[in-house]
Amino acid sequence: MKVKLENLSKRWGKVVGADCINLDIGDGEFVAFLGPSGCGKTTTLLMVAGIYKPTEGYIRFDDRVVNYLAPKDRNIGMVFQSYALYPHMTAFQNISYPLKLQKTPKEEMKKRAQKVADMMDIGHLMDRKPAQLSGGQQQRVALGRALIKEPQLLLFDEPLSNLDARLRLTMRAEIKRLQVDLGVTSVYVTHDQVEAMTMADRVAVMKEGKLQAYSPPDELYDQPRTLFVAGFVGSPPMNFLDVEVVRENGDYHARRKGFDAVVPSDRGEKAAGKGNVILGIRPENITIANVGVSGEIYVVEPLGRDDLITVHIGEASVHVLSDPTLGLRMGQTVTLGFNTHKVQFFDPQTEKSLLWMD
Amino acid sequence: MNRTSRLERGGTPPLSHAPSGEETSSIGARMRSRLEAYGFLSPAVLLVTLFFFIPVIIIFILILSDLKSANFGTLQWWLPVNWSLENYAKIFGNKFFPKILGNTFFYVAVTLTLFIFSSALLIAVLTTHINRRAGFFFRVLWLLPRLTPSVIYIMMWQRMASRAPHGILNQLLVPLGISTGGDLIQAAPWLFVIIANGMIGASFGMVIFTSAIEAIPKDFMMASKVDGASTWQTIRHVILPSIKWPILFVITYQTLSLLTSFEQIMLLTDGGPGLYKTEVWALTAYHRALSNYFGNNQWGYGSAWAVILVIIGVAAASIYMRVFKFDELVQEPKIDLL
Ligand SMILES: Nc1ncnc2c1ncn2[C@@H]1O[C@H](COP(=O)(O)OP(=O)(O)OP(=O)(O)O)[C@@H](O)[C@H]1O
Ligand SMILES: [Mg+2]
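Note that the protein sequences, when read in sequence, are chains L and W. Going by the working numbering, the letters in the first sequence line up with residues 1 to 358, in that order. Going by the working numbering, the letters in the second sequence line up with residues 1 to 338, in that order.
The following block holds chain L by itself, in its conformation from the complex (with noise of 0.2 angstroms):
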């Protein structure tokens, strides 16, 4: 099924919960919802189920508005970030609950109860309450009750962030593949970028109600189209440097103070005659090099793989990833070279890209 929002917004009074939100989502696609505590993800998801109506705006599934459509007659499943399994029931109970509510005969709601418990592995814990549930086992229910009646469509609203690091990934994976194999169509709800970035075909990123950015994860790690998402997506987050981009001698140049750097003319002359704009460069696109611009080593952070350590620049600071062999030190003078292919410019009034905005 086709999901397309039109122009939707919530608000409450002054409140802002959603601000004109365009999205289309295609059918069996996977859609991550991404953004900062507050900034409507909930909100919007809670629309699409039906529990809240828009204040503004159109949501479509298959091209037939759905506004006034109660959540029950939308065939939809939901998995909350707390579960939401009924304390009186059993697992089996929670489970077969949307059957029961449906009249379905009992035989088959035993025979499709049993085909989700074992595709979530969990036909040993049909009898127990929640409450004698592990989070991880509670999860599983939830996801079980959720695709029990073989929805047309899948909402997620923050559902691993309860579970140790661990597990985490590893129901990463199996709401990925399962998502692939039944081709719902699903929209997940996360302020894990890493989640967004792994399971979504395409991320929509939001922040204070708006959307920023809605594309597939790769594009928004290479081409961000505004100051936020550059900062947002991506860890260890991208780094800012204010520069004025100029030309000489058939190069552009990008300069502040102790920094000059050639960028490639594809790129440069984008943010060239602008004066200040926001340089972009993210920490894997900065080595340790023989040439370059030098800076002093503030902070060596071990992360395992790599060494993240800061380095200022003059004024400026920017986060580098390392190797390790190198046995940086604080203090230590090092030379910087830039890998420009990679560099991203912004508007620094717009905060808008210079690069990606058309």
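Incorrect hints may appear among the rest.
Computed Cβ-Cβ distance ranges for the label pairs, DEER-style [to be verified]: (1) S134(L) to T231(W): 30 to 36 angstroms; (2) I195(W) to N67(L): 41 to 47 angstroms; (3) I168(W) to Q132(L): 54 to 60 angstroms; (4) Q132(L) to V140(W): 37 to 43 angstroms; (5) T231(W) to Q132(L): 27 to 33 angstroms; (6) P87(L) to V140(W): 28 to 34 angstroms; (7) S37(L) to R132(W): 44 to 50 angstroms; (8) R132(W) to K106(L): 36 to 42 angstroms; (9) Y320(W) to A173(L): 50 to 56 angstroms; (10) A173(L) to R132(W): 40 to 46 angstroms; (11) Q132(L) to Y38(W): 52 to 58 angstroms; (12) Q102(L) to P273(W): 54 to 60 angstroms; (13) Y320(W) to Q132(L): 25 to 31 angstroms; (14) Y38(W) to A165(L): 52 to 58 angstroms.
Derived by calculation from the structure, the hints in this document are not laboratory data. Here a beta-carbon is modelled for each residue, glycine too, at the ideal position from N, C-alpha and C.
With chain L held as given, fit chain W with the ligands onto it using these hints.
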């Protein structure tokens, strides 16, 4: 323990290793502080003893005696020679005993189901599902009967139900042909007894159910709706099971309070019209013991009625607990150890 010993070790030796003389005085101090504790408790103990335990003992003696205004001062009711089960023979042999028993069950059962339970739950569910402020307004409205003093509240009913040109109800009902214009309380005493009492009682359940419903996490309601439930199905499968405990509490508490309360009935019909039409058990006990004709207050006999009421109440409470599987409700403590 550990910490004090460590402190002592670190502290100055002469003080921490106290001579035996100081130890005895510390025992004395402990005794003194215990006495102090009892001292503070004693007024409460005294009050409870004086105004609860002693009266209960007196009642249990009284029910065996025939103490009344007529023989007050002459009957030595505290002597076992004057004790017998005569009062109970009188109660069970009373011609109106079945009538009063029936009245009591009818009154409690109908008021409980119609008002205290159904209406209270209905109001609670409705007012938690509408706009917050409107919900609050309606709940306050339902509290008014509880806030009004009984005498005034009952007088309002009497005015409303009074005969044709005066009563508001008759002004509506006479033109519709439902009433002939007589006093409505005389015409339908039970109706008024039950409505008047029910509207007071409903507020209690309403307050408890409302807070219980509002304490249910919103996620459950949302999940239920998404799972395909209608509002009614959500109420039945999610809300009601979640407030089983408050329901048990309200039913038990209100049964007991309906069984023992009589002042509204006394003010409204005083057990009439006619012989024992709306006379309930508690009212009988009151009439016998404290408000008998010709001023003959039969304290012993009235107490005997009242004690049976206590037994009925205890029985009702334990039946409810069985029905609601009380053990299951209290089985799992939220905190294991303190
Ligand atoms: N029922 C409500 N009434 C009033 N304001 C609300 C309501 N629900 C959400 N809001 C407001 O709308 C904004 C968006 O909230 P929302 O729950 O959608 O955030 P979120 O992106 O899901 O955040 P989180 O990651 O913390 O869950 C917040 O400012 C919040 O305070
Ligand atoms: Mg949220």
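Hints, verified against the model:
S134(L) and T231(W) have their C-beta atoms about 33 angstroms apart, which keeps the hinted 30 to 36 angstroms range intact. In this structure the hint that I195(W) and N67(L) lie 41 to 47 angstroms apart at CB holds, the actual value being about 43 angstroms. At about 58 angstroms, the beta-carbon gap between I168(W) and Q132(L) stays in the expected band of 54 to 60 angstroms. Distance hint for Q132(L) and V140(W): a CB-CB separation of about 42 angstroms, consistent with the stated range 37 to 43 angstroms.
With their beta carbons about 30 angstroms apart, T231(W) and Q132(L) fall inside the hinted range of 27 to 33 angstroms. A C-beta distance of roughly 31 angstroms is found between P87(L) and V140(W), which places it inside the suggested range of 28 to 34 angstroms. About 24 angstroms separates the C-beta atoms of S37(L) and R132(W), a value inconsistent with the hinted range of 44 to 50 angstroms. A hinted range of 36 to 42 angstroms for the beta carbons of R132(W) and K106(L) is consistent with their spacing of about 40 angstroms.
In this structure, Y320(W) and A173(L) meet the distance hint of 50 to 56 angstroms, their C-beta atoms being roughly 51 angstroms apart. A C-beta distance of roughly 43 angstroms is found between A173(L) and R132(W), which places it inside the suggested range of 40 to 46 angstroms. Taken as a hint, the range 52 to 58 angstroms is violated for the pair Q132(L) and Y38(W), whose Cβ atoms sit roughly 46 angstroms apart. Checking the proposed 54 to 60 angstroms range against Q102(L) and P273(W) shows it holds: the Cβ atoms sit about 55 angstroms from each other.
Remark: the range hint 25 to 31 angstroms for Y320(W) to Q132(L) is upheld by a beta-carbon distance near 28 angstroms. The supplied range of 52 to 58 angstroms is met by Y38(W) and A165(L), whose beta-carbon atoms lie about 57 angstroms from each other.
Violated hints for the displayed structure, listed by number in ascending order: 7 and 11.
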